[in-house]
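Trainee: Since chain A is already given, all that's left is putting chains B, C and D on it; use the hints.
Number of protein chains: 4
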Amino acid sequence: MIIVLDPGIRQAEREALEAHLAGRGVAHRREPGPRGDVLVVTANPSGLTPEQLESLPGVARALPSATEFVHASREMHPAGSVIHVGGVTAGGGEFLLAAGPCAVEGPGQMEACATAVAAAGGKILRGGSFKPRTSPYSFQGLGREGLEIHRGAADRHGLLMMSEVLDREDLPMVAEFADILQVGSRNMQNFPLLKALGGIRKPVLLKRGLAATREEFLLAAEYILSGGNSDVILCERGIRSFDPSLRNSLDLASVVLLKEMTHLPVLVDPSHATGQSRLVLPMARAAAVSGADGLLLEVHPDPAGALSDGPQAILPEDLIRLSADLRALVPVVGRTFGAP
Amino acid sequence: MIIVLDPGIRQAEREALEAHLAGRGVAHRREPGPRGDVLVVTANPSGLTPEQLESLPGVARALPSATEFVHASREMHPAGSVIHVGGVTAGGGEFLLAAGPCAVEGPGQMEACATAVAAAGGKILRGGSFKPRTSPYSFQGLGREGLEIHRGAADRHGLLMMSEVLDREDLPMVAEFADILQVGSRNMQNFPLLKALGGIRKPVLLKRGLAATREEFLLAAEYILSGGNSDVILCERGIRSFDPSLRNSLDLASVVLLKEMTHLPVLVDPSHATGQSRLVLPMARAAAVSGADGLLLEVHPDPAGALSDGPQAILPEDLIRLSADLRALVPVVGRTFGAP
Amino acid sequence: MIIVLDPGIRQAEREALEAHLAGRGVAHRREPGPRGDVLVVTANPSGLTPEQLESLPGVARALPSATEFVHASREMHPAGSVIHVGGVTAGGGEFLLAAGPCAVEGPGQMEACATAVAAAGGKILRGGSFKPRTSPYSFQGLGREGLEIHRGAADRHGLLMMSEVLDREDLPMVAEFADILQVGSRNMQNFPLLKALGGIRKPVLLKRGLAATREEFLLAAEYILSGGNSDVILCERGIRSFDPSLRNSLDLASVVLLKEMTHLPVLVDPSHATGQSRLVLPMARAAAVSGADGLLLEVHPDPAGALSDGPQAILPEDLIRLSADLRALVPVVGRTFGAP
Amino acid sequence: MIIVLDPGIRQAEREALEAHLAGRGVAHRREPGPRGDVLVVTANPSGLTPEQLESLPGVARALPSATEFVHASREMHPAGSVIHVGGVTAGGGEFLLAAGPCAVEGPGQMEACATAVAAAGGKILRGGSFKPRTSPYSFQGLGREGLEIHRGAADRHGLLMMSEVLDREDLPMVAEFADILQVGSRNMQNFPLLKALGGIRKPVLLKRGLAATREEFLLAAEYILSGGNSDVILCERGIRSFDPSLRNSLDLASVVLLKEMTHLPVLVDPSHATGQSRLVLPMARAAAVSGADGLLLEVHPDPAGALSDGPQAILPEDLIRLSADLRALVPVVGRTFGAP
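Residue numbers (the working numbering), protein chains in the order written: chain A, 1 to 340; chain B, 1001 to 1340; chain C, 2001 to 2340; chain D, 3001 to 3340.
Just chain A, with the same shape it has in the complex:
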């Protein structure tokens, strides 16, 4: 349970409240919330209900554990968050395009991708140098060399760099290069990593786990937010369904629900959500009119030769084509997508 204090509570009132709680055996700790302090209840032996707690002076709200995502909740922060990074915004009226290859493979590939992303009006160049691969025998990423190549390509084209981090040991190295740190779906509940990300000063793109509920997703974000890093961007990337002919099933209604539940920006990754390049453009268009704040796409100059996830990568020319579609579509939902 989380006790949200009245924003205007005075110190004497708060001390009286805490003494009263202690007298009923309610163990708690105080920590800063998005709009004033909250008390996180860690033991409640006499079973006080939210209603009982809300009747106490100085208590604005008592939230049950199902809505423990205090920092992530829209209720606690009704206006949507706009995250600023290097002149780019996520979550405002501007529709955000992030694209690049699944894995950084070499300078030529990254140059080709960065050229396409910039030409399409994209702002962020994605690409992994530490790859979470299902098989130990698959390409595992170029490591530091990849980060250097990635940084160079992003800088030459005026793009931000986004790169995945696999665990907290790798975090310092990736954070040295990247503007935005990506946490993949397999790591959505890598809690030591999430805690470490709460302590840094760079935005984090957090992808939904492939069988995670929205509550679990927002509680994962809460690990980062409650650690002090308020710049979290969420990303829907498909869930596992009973249907074996699709890699994943794009849960697009979830975007609408997430935007209700949280103030954080929500992107959609139609590449992982489908796993098949010819489905990417239709689902990218669909996402653009569903209320998402932007797209995360995989693009590759030579999908057939890609070292990772080639089947879901689109070509640079597809990205340009999509860019034109986005300019036509997003105004219908009150957003803008600028000329390249």
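Treat the hints as calculated values from the structure; they're not laboratory data. Heads up, the beta-carbon is just placed ideally off N, CA and C, and yes, glycines get one too. Hints are not guaranteed to be accurate.
[To be verified] Straight-line distance between alpha carbons at most 25 Å, and here's what the computed SDA-like set of lysine to any residue pairs gives:
id, chain 1, residue 1, chain 2, residue 2
1, D, 3195, A, 27
2, D, 3195, A, 172
3, A, 195, D, 3145
4, A, 195, D, 3175
5, C, 2195, B, 1087
6, D, 3195, A, 276
7, C, 2195, B, 1079
8, D, 3195, A, 144
9, D, 3195, A, 134
10, A, 195, D, 3171
11, A, 195, D, 3302
[To be verified] One side of the interface only, derived from the structure: several residues of chain C facing chain B at Cβ under 7 Å:
id, residue
12, 2036
13, 2037
14, 2040
15, 2135
16, 2166
17, 2192
18, 2277
19, 2278
Mentor: Just chains B, C and D now, with coordinates in the frame of chain A:
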């Protein structure tokens, strides 16, 4: 296995082929396919492979059982089917809007719905008079009285009437009134009903079962098509996922896949696919740019008072608003949506 | 909502209660429940809560719609039901074995199966003469001829006959032959059929739909029970999961949950639940110690030559082997399994 | 692709083979396999097929990527592995019982649990001191203090100690205390952790991810095995299904399939698989006769007061009762469960 004969096969060749198959113990029956006759193999004791069969004179293709939807397959009918009914087309370049209440409740409700549907540029008035309700204690539909009310409202507004049929015993009565017969997701594999629908001369809208694969869906359509009724319209309406906070999960990528697999028109029902009215418009917009041939929506003048599925019904004014969005969106995917 | 009346309510009290409800606009109908009459609420415009209704004289319980399975609920009938049919019991202490082929194919096959079932201590010979097949090109069953063969084999071996019915038109013919009528998972929500089964005097085995929740399953049973037929046997047969390498996923914990929720007997069908014969025996053993009241198995003298579902059929000798295991296992959970 | 070399290949032959591959552009690295060296193909630009590779001298098998779990595959190691640790075996004929609380909370709790585990014939005392909790506001574990308490309780009762490790930074500390290292389902694809576990000399219990296929599960094991640690024990702990009333769905047929696919021992965790204590015993019995090599259970002297996962913990007396059931059941499947 299905053996597709060369379209130009002569009778003597066909008899020679059939004799050869009989000599190898291959039991089969001949039936008309979309482009000439096919042989449906019912026993293959010597295990002839598709490759072996395709090497025989007169055989164009041998299809394994996984693609037994001979009539439904796009491969057998590369151009998309356009279904004509009462001046309306499904599957052509015109985006089709069908809407109405879940259940027919009375004349006032149907008049209000029909007015809204016509004003929004819709062509079909949906509404159930035989309702498949999870609980025996829920409203089960008005039966014949509902069909009469429905017919009247559709006629007054120049709309087609679409109504659900629950089993073959009810089929004659529903077919007496409706222009298009709807088969709900719970009945997708009601095979006696599907066979009966194969024998009538009215279009059928077939909804995907809530845990059906696309192969099962197309084989259900095949029951109708192989019975002689070629006017089948498919409808995606959400699949059951692990996520308890959504009634269903809208599988929008499936629309693209279905359009590849089959020549039949594909509509999307975002009302059942989400179960929550505030998700309907975003998902309707998403469907409109995903490649779907149209929408099936639930609208009700008083959702809170609806006898069935009120929480997912949108208001008449929402339908009008969506109509404007559709006019802006569908040209991006090469379709039209006419002025009301 | 369902209002359960006090069992000892007098007529005058009941009339006073009904008048009071009418005065508040509560529309309802009275019908017999398992322990006295219940009032099924069909409209509640002033939003009376269960608590308010339970405070009225003569009301024992007011149940929200989520537990509308009045007749099926264990709460309304705490002792488990024991269903008697032709000297056989389902739901008592005796573990019940039902087995036979998926489809009736001919006299020799049925004789071989019946011999095996009887030798293994089975009491019921299953087999379908009307088959719900995914593809219209698959074997659809022998119809009346199959029913006759089935009846003969059952009678010669002192077994009960259980056969599937696909829709209400076929019901009279199947009921003419079979002792127990089976409703398959695809038909779990064929409501006209369920209503028709409520009006006959033979036990019904109802299989869980492949993506049905337990609530939906029990509400389907409620259609039969509320129609007046109290002899319903439930059957778990696997649910559809994300895992493509299994036909279905056996939800064995569901047996325990169902036995808590309902007084009806619960069998397990490990053949459909796995789809692979070598998984059937391990899962049959697991079911036997999980609290299930019995097993439903597919057996075939020649699985490779079976016209339907051969891959999941076990051999007669496997059935005998399982029989020995059952005798060792079921006493651990307080049941008996008699010598053949 | 994996090229399995003939066990008896001579060095000159192997060099000739590698030179031939290099001439066709096939990049590869050599590494030790379970029965001699294998070549892991990392690039195959001319698209050599498995058949072509198997025709080369010195090649025993060429395995496509779908079966890349070379070390885990039963095909490569037909006899089941028996893992020995401190006098206890996993995977042999002795059925293994591991139990303990979800989280280590204090000395009294661990003493009570250890007493119960030893009395029930268990060999391993489980308990987490680093807890992966969905919410950042939940109890996160006692850390080193918990490990010390756990070690003491295990030693006093002659039990092995098994404890969860959350990421590679914590590994040295946990490995300092524990006999067996547990990787939880959320971490099944924490690849840096898996690689680190490949380099240590202690057995690892690896739990299946809640939406992982068996192939993904075995490839996760392959990360550990290919790193040089051959002592991996698998654990089924339930998968996420569409059913919201169960925390997870126990996929018991998966045990049989895993035992076919791999030589590694397979335990079942019915506590996490159900999330409800009253389902644990029935599912534990079911697992015991399904072919599993043992059980992993949560037990707690005071479930209502547990700091983590209380609802799924059984009482010490339940564990004793289960122990008696196991002694009666496992001989039916050819195993033994010794007296305490």
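Trainee: Broken hints, numbered, in rising order?
Mentor: Hints 1, 5, 6, 7, 11, 12, 13, 18, 19 not satisfied by this model.
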